[in-house]
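Undergrad: Here is how the chains run, residue by residue.
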Amino acid sequence: MPLETVSVDTERDVSRVRRAITAYADNLSFDLLARTHLVTAASELARNMLAYAGGGSVRIAKLRHEARVGLKATFEDQGPGIENLDEALSDGFSSSLGLGLGLGGARRLVDDFELETAVGEGTTVSIASWHEPDRHPPGGP
Amino acid sequence: MERIAIAQIGDCLLVTIQVDMHDRLALTLREDLGQRLVQTQATGVLLDISGLDTLDTFIARVLAGIASMSKLLGAETVIIGMRPAVAMTLVELGLTLDGVNTALDVERGMALLRRKNA
Numbered sequence: 007m008p009l010e011t012v013s014v015d016t017e018r019d020v021s022r023v024r025r026a027i028t029a030y031a032d033n034l035s036f037d038l039l040a041r042t043h044l045v046t047a048a049s050e051l052a053r054n055m056l057a058y059a060g061g062g063s064v065r066i067a068k069l070r071h072e073a074r075v076g077l078k079a080t081f082e083d084q085g086p087g088i089e090n091l092d093e094a095l096s097d098g099f100s101s102s103l104g105l106g107l108g109l110g111g112a113r114r115l116v117d118d119f120e121l122e123t124a125v126g127e128g129t130t131v132s133i134a135s136w137h138e139p140d141r142h143p144p145g146g147p
Numbered sequence: 453m454e455r456i457a458i459a460q461i462g463d464c465l466l467v468t469i470q471v472d473m474h475d476r477l478a479l480t481l482r483e484d485l486g487q488r489l490v491q492t493q494a495t496g497v498l499l500d501i502s503g504l505d506t507l508d509t510f511i512a513r514v515l516a517g518i519a520s521m522s523k524l525l526g527a528e529t530v531i532i533g534m535r536p537a538v539a540m541t542l543v544e545l546g547l548t549l550d551g552v553n554t555a556l557d558v559e560r561g562m563a564l565l566r567r568k569n570a
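Respectively, the protein sequence lines represent chains A and B. All letters in the first sequence, in the order written, are residues 7 to 147 by our numbering. All letters in the second sequence, in the order written, are residues 453 to 570 by our numbering.
No lab work stands behind these hints, which were simulated from the structure alone. Where hints are given, some of them may not hold.
Computed, partial: chain A to chain B, Cβ under 7 Å [claimed, not checked]:
| id | residue |
| --- | --- |
| 1 | 11 |
| 2 | 13 |
| 3 | 45 |
| 4 | 115 |
Computed cross-link-like contacts, SDA-like style, restricted to lysine to any residue with a CA-CA straight-line distance of at most 25 Å [unchecked claim]:
| id | chain 1 | residue 1 | chain 2 | residue 2 |
| --- | --- | --- | --- | --- |
| 5 | A | 68 | B | 523 |
| 6 | A | 68 | B | 537 |
| 7 | B | 523 | B | 493 |
By construction, the Cβ of each residue, glycine as well, lies at the ideal position given by its N, Cα and C atoms.
Input sequences plus hints: build the corresponding full structure.
TA: Next up, the structure:
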């Protein structure tokens, strides 16, 4: 179920993405660590989009699978695309701007990670994290 | 223009970050702090980040950069009040902020600075 689309054109929009995902994660009673991981991953990806593609959009959606609920964020840009994907996903890689750790780090922080890219057309990255309301009551570990 | 306030306590500068720190704000803080260190000749910087619920690689690098810059200007930096979830996320990202002093609260941070500067 789509919740919101945030357009990312400036640094301030990266903060807006963080705030939006924080609010939805709280709303779905994500535990603190899962929320922090997801928001941090989203922050890295929104920042990448701004740095390498000049901006893009983030679609935030709620997922449901049996007893589990999930929060998904899809980062879509019309930038140059990623030529060497293995390298871009490897840890510590940074092609410029000293950002680094972006893609590989973001992937490690979430449950699901998908990436589609075409050189000259753009890149779409989706991340999602899941939560079982019964197994992790709000405030629990 | 939006700025993060810098307070002086004795020989220390105390910076309390209470907002979601966007990039420009972080970079402005770095510049302001550099100037204040020169003006005040402070020997310690306490960076209170207990209000931050996320710290991504960019902001973490700016904080580490502030610590390095302060050291060159004669001041030790202590990062204070990092939330456990933030610490765990930084470890997952492989960013361990080596060489940056940390303390749980302002009091312990001040004690650490006193020991360092003794």
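Undergrad: Per the CB criterion, is residue 115 of chain A less than 7 Å away from chain B?
TA: holds, 6 Å
Undergrad: May I ask you to test the interface hint for residue 13 of chain A with respect to chain B, counting a Cβ-Cβ separation under 7 Å as satisfied?
TA: violated, 16 Å
Undergrad: Holds or violated: residue 68 of chain A with residue 523 of chain B, Cα cutoff 25 Å?
TA: Roughly 46 Å between the alpha carbons, so the hint for residue 68 of chain A and residue 523 of chain B is violated.
Undergrad: Hint check: is the beta carbon of residue 11 of chain A less than 7 Å from a beta carbon of chain B?
TA: violated, 20 Å
Undergrad: Hint check: residue 523 of chain B vs residue 493 of chain B, CA-CA at most 25 Å. Holds or violated?
TA: holds, 12 Å
Undergrad: When you check the alpha-carbon spacing of residue 68 of chain A and residue 537 of chain B, does it fall within 25 Å?
TA: holds, 23 Å
Undergrad: Close enough to count: is the Cβ of residue 45 of chain A nearer than 7 Å to one in chain B?
TA: holds, 5 Å
Going through the hint list in order, the structure does not satisfy hints 1, 2, 5.
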